[in-house]
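The listed protein sequences derive, respectively, from chains A and B.
My numbering puts the last residue of the first sequence at 348; the count rises by one with no breaks.
My numbering puts the last residue of the second sequence at 348; the count rises by one with no breaks.
It is possible that some hints are incorrect.
[Claimed, not checked] Computed cross-link-like contacts, SDA-like style, restricted to lysine to any residue with a CA-CA straight-line distance of at most 25 angstroms: (1) A:345 to A:333; (2) B:345 to A:144; (3) A:345 to B:311; (4) B:176 to A:36; (5) B:176 to A:316; (6) B:345 to A:311; (7) B:345 to A:69; (8) A:176 to B:302; (9) B:345 to A:286; (10) B:256 to A:286; (11) A:345 to B:335; (12) B:345 to A:307; (13) A:345 to B:176; (14) B:345 to A:316; (15) A:256 to B:311; (16) B:345 to A:287; (17) B:345 to A:288; (18) B:345 to A:285; (19) B:345 to A:294; (20) A:176 to A:218; (21) B:256 to B:268; (22) A:345 to B:345.
[What the hints assert, rightly or not] Derived CB-CB ranges, DEER-like: (23) A:85 to B:327: 51 to 61 angstroms; (24) A:63 to B:232: 20 to 30 angstroms; (25) B:180 to A:302: 26 to 36 angstroms; (26) A:179 to B:284: 30 to 40 angstroms; (27) A:327 to B:172: 18 to 28 angstroms; (28) B:284 to A:115: 42 to 52 angstroms; (29) B:226 to A:32: 51 to 61 angstroms; (30) B:184 to A:176: 57 to 67 angstroms; (31) B:85 to A:32: 41 to 51 angstroms.
The set of hints was computed from the structure by calculation and includes no laboratory data.
Quantities reported herein were computed from a predicted structural model and do not represent experimental measurements.
Glycine included, each C-beta is placed from N, C-alpha and C at the ideal position.
Chain residues, written in single-letter form:
Number of protein chains: 2
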Amino acid sequence: MTLMIQPVILCGGAGTRLWPESRGDRAKQFLSLTGGQSLFRQTVQRTPAGPDFLPPVILCGDAHVAAVREQMDGREAALLVEPMPRNTAAAIALAVAQADANTLLLVMPSDHVIADIPAFHAAIAKGVRLAQHDWLVTFGIAPSRPETGFGYIADGAPLGAADEDGGFAVDRFIEKPPLADAEAMLAAGGYSWNAGIFLFRAARMRDAMLTHCRAIFEAADRAVAAGMRDGDALYADAIQFEAAPSDSIDYAVMEKDDRVAVVPVSMGWSDLGSWHMIHALGDQDADGNAVAGDVFLHDSHGNLVRAGGKRVSLVGMENVAVIVDGDDILVMPLARSQDVRAAAKARE
Amino acid sequence: MTLMIQPVILCGGAGTRLWPESRGDRAKQFLSLTGGQSLFRQTVQRTPAGPDFLPPVILCGDAHVAAVREQMDGREAALLVEPMPRNTAAAIALAVAQADANTLLLVMPSDHVIADIPAFHAAIAKGVRLAQHDWLVTFGIAPSRPETGFGYIADGAPLGAADEDGGFAVDRFIEKPPLADAEAMLAAGGYSWNAGIFLFRAARMRDAMLTHCRAIFEAADRAVAAGMRDGDALYADAIQFEAAPSDSIDYAVMEKDDRVAVVPVSMGWSDLGSWHMIHALGDQDADGNAVAGDVFLHDSHGNLVRAGGKRVSLVGMENVAVIVDGDDILVMPLARSQDVRAAAKARE
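From just these sequences and the hints, can you work out the full model?
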């Protein structure tokens, strides 16, 4: 059979951890957060292309169709529009339902950074060999710190030929760990971060979903069948899709299946999941300040300032985020970045 | 002779220590900083009136004529317009030059807070008796803390009848002291803060100026003579006034004259000279936050937030000022309030 790989870009996230810039129809993935192009554009550009690759499927909500079309910059793509958010299992089920049985689906979030694209592509090549043998493949990020904000994957038996680094059967998935556990896993080795990048044969995932989360797959399958096509976009049927239980692909399938593989990869990955991370990965001046826009700093160090078209002046400030977006101004210590949701919730 | 007292309200200050709200044609004195009326309106309203008092003379710059007219709220006043700022000695010289010789001039800044107005008026009554005997009278604020941001006045010999609290001859003026000196003066007693409120007979000040700073008085006198009247306003002549050396009334006259009196007064005075002071005197919630406008606070304490029509959200912040005005956003620790000029200078 001819090998065909279908990239699937998950674009449904709201990204409230980066409020106020990320919200409503301007979700995190469409923003320029690290000085260059938006995360979505970066994702599209690093998506493998070539004779084995179909144009990508973009899974997104109705509110983001315009942003997706604009940021595809004329590239060929198929839009698969979710009538409402139903988490990653149902989103991926939509992609599975419309795919040819033997197509390999390469599922990727649209809001991450990957610095080493050759390493990413090499990992995909390894994953393809496993997916062709009906493994559900996940890509594991080699951890660089005892991060407590991610789930972890424990390597099991090595796969592939004895002389190659061909990935591992997954021993188990570990939920966001306490710090002590994260430190122990980092020290022990054999663990990686779950980055939400997956590769699998469509029919294999269909079967897995019918086994592990039948209601999700059937709702998505019906939503595609009853969907409305509009040019390059397929709008999944709202009544059918609404019936899909909301669950993550990890809970609904990956943690339940017994033929899941992990391909560990070191590729300069970040989920840019907080303003703290944006600061850490941003271009910092000699005083550790990362700024965007019209910012005046006096005796200030280690700050993230995004002026959003306004004029921001800091005097004597240390290690805070000042994020301006429209009429919203957020001020918080960078170390409190996880608590931004309190403000986002109150304001949105 | 009939006693006539002419209030003179000095309105020429720029108030850059309260940038960004105070700037350009919206100087500090015209802002509502403590929740109620502007400092200028408060000054006008507490200015004594009655058969002995003439309508006030308002000394202001060209940029502030409109604000003064608006905030006089229809009260009678004479505007004396400075073509350019030349500090307090030249401003007061303008008022002296246009006054009748025997009128007492009561000179007051327009950007201070006085909580106890009866105490203020009682002090004026004491001062009147001294000014009638050709003392240059200054009102000294009983110090409540070892403030290093003000000049001090040392009491000399007591004046007035033995059985009354009639003020003191000034022993000497002390420039903004180091903390140790401020603490020593507070502990010793007999010192007060120089608040820039003065009372004197016009001819007495004219003579003092001709002795101590002749160039300033002569330039101001010519500027009044060549000035242009427009309704209630006298626009001092620019070419003449420009020749006046720029000096404070303290340096130019008070510190040099040998017949200067101080009337100590405790009247809930504040110069609201910094955002720190605005916070200290503002209405604070149970967490010590003083806010104006649309402000969301999460786990934040001791902050001053003025939203300026925008929406400000603080998460986990302590003891900072966030001041929004138009497109300008200032963020600094309240303890660094004196350094706001760095930002004001860079931005204006």
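A quick look at each hint next to the structure:
In summary, the hint linking residue 345 (chain A) to residue 333 (chain A) is supported, as the alpha carbons are separated by about 18 angstroms, within the 25 angstroms threshold. About 44 angstroms separates the Cα atoms of residue 345 (chain B) and residue 144 (chain A), which puts this hinted pair outside 25 angstroms; it is violated. The straight-line distance between the Cα atoms of residue 345 (chain A) and residue 311 (chain B) is roughly 14 angstroms, inside the 25 angstroms bound, and the hint therefore holds. A hinted pair counts as satisfied when its Cα atoms are at most 25 angstroms apart, and residue 176 (chain B) with residue 36 (chain A) does not qualify at roughly 50 angstroms.
Of the pairs offered as hints, the one joining residue 176 (chain B) and residue 316 (chain A) holds, with about 23 angstroms between alpha carbons and a cut-off of 25 angstroms not exceeded. For the hint pairing residue 345 (chain B) with residue 311 (chain A), the CA-to-CA distance comes to about 14 angstroms; that is within 25 angstroms, so the pair holds. For the hint linking residue 345 (chain B) to residue 69 (chain A), the alpha-carbon distance of about 45 angstroms lies beyond 25 angstroms, and the restraint is violated. Between the alpha carbons of residue 176 (chain A) and residue 302 (chain B) the distance comes to roughly 34 angstroms, so the proposed pair goes past 25 angstroms and is violated.
A distance of roughly 23 angstroms separates the Cα atoms of residue 345 (chain B) and residue 286 (chain A); the hinted pair therefore holds under the 25 angstroms criterion. Between residue 256 (chain B) and residue 286 (chain A) the CA atoms are separated by roughly 50 angstroms; this puts the pair beyond 25 angstroms, and the hint is violated. Between residue 345 (chain A) and residue 335 (chain B) the alpha-carbon distance is near 31 angstroms, which puts this suggested pair outside the 25 angstroms criterion. Distance check on the hinted pair: residue 345 (chain B) and residue 307 (chain A) sit about 19 angstroms apart at the alpha-carbon level, within 25 angstroms; holds.
Proposed proximity of residue 345 (chain A) and residue 176 (chain B) is contradicted: the alpha carbons are some 48 angstroms apart, above 25 angstroms. A threshold of 25 angstroms between alpha carbons decides the hint, and for residue 345 (chain B) with residue 316 (chain A) the separation of about 15 angstroms falls inside it, so the pair holds. A distance of roughly 46 angstroms separates the Cα atoms of residue 256 (chain A) and residue 311 (chain B); the hinted pair therefore is violated under the 25 angstroms criterion. For the given pair, residue 345 (chain B) sits about 21 angstroms from residue 287 (chain A) by alpha-carbon distance, which is consistent with the 25 angstroms threshold.
For the proposed pair residue 345 (chain B) and residue 288 (chain A), the alpha carbon gap of about 23 angstroms is at most 25 angstroms, so the pair holds. Note on residue 345 (chain B) and residue 285 (chain A): the hinted pairing holds, with a Cα-Cα distance of about 22 angstroms set against a maximum of 25 angstroms. Restraint check for residue 345 (chain B) and residue 294 (chain A): the C-alpha separation of about 15 angstroms stays at or below 25 angstroms, so the hint holds. Between residue 176 (chain A) and residue 218 (chain A) the alpha-carbon distance is near 30 angstroms, which puts this suggested pair outside the 25 angstroms criterion.
With a CA separation close to 29 angstroms, the supplied pair residue 256 (chain B) and residue 268 (chain B) exceeds the 25 angstroms bound. Distance hint between residue 345 (chain A) and residue 345 (chain B) is unfulfilled; the C-alpha atoms sit about 37 angstroms from each other, more than 25 angstroms. Checked against the hint of 51 to 61 angstroms, the pair residue 85 (chain A) and residue 327 (chain B) fails, with Cβ atoms roughly 35 angstroms apart. Our hint of 20 to 30 angstroms for residue 63 (chain A) and residue 232 (chain B) is violated, since their Cβ atoms are close to 59 angstroms apart.
Against the hinted window of 26 to 36 angstroms, the Cβ-Cβ separation of residue 180 (chain B) and residue 302 (chain A) comes to about 34 angstroms, which satisfies the hint. Between residue 179 (chain A) and residue 284 (chain B) the CB atoms are about 37 angstroms apart, so this pair conforms to the stated range of 30 to 40 angstroms. Separation of residue 327 (chain A) from residue 172 (chain B) is about 53 angstroms and departs from the stated range, judged on CB atoms against 18 to 28 angstroms. For residue 284 (chain B) and residue 115 (chain A), the Cβ-Cβ distance of about 47 angstroms falls inside the hinted range of 42 to 52 angstroms, so the restraint holds.
Remark: the range hint 51 to 61 angstroms for residue 226 (chain B) to residue 32 (chain A) is upheld by a beta-carbon distance near 60 angstroms. The hint said 57 to 67 angstroms for the Cβ distance between residue 184 (chain B) and residue 176 (chain A), and at roughly 59 angstroms that hint holds. About 44 angstroms separates the C-beta atoms of residue 85 (chain B) and residue 32 (chain A), a value consistent with the hinted range of 41 to 51 angstroms.
Violation of the numbered hints given earlier is confined to hints 2, 4, 7, 8, 10, 11, 13, 15, 20, 21, 22, 23, 24 and 27; the remaining hints are satisfied by the structure.
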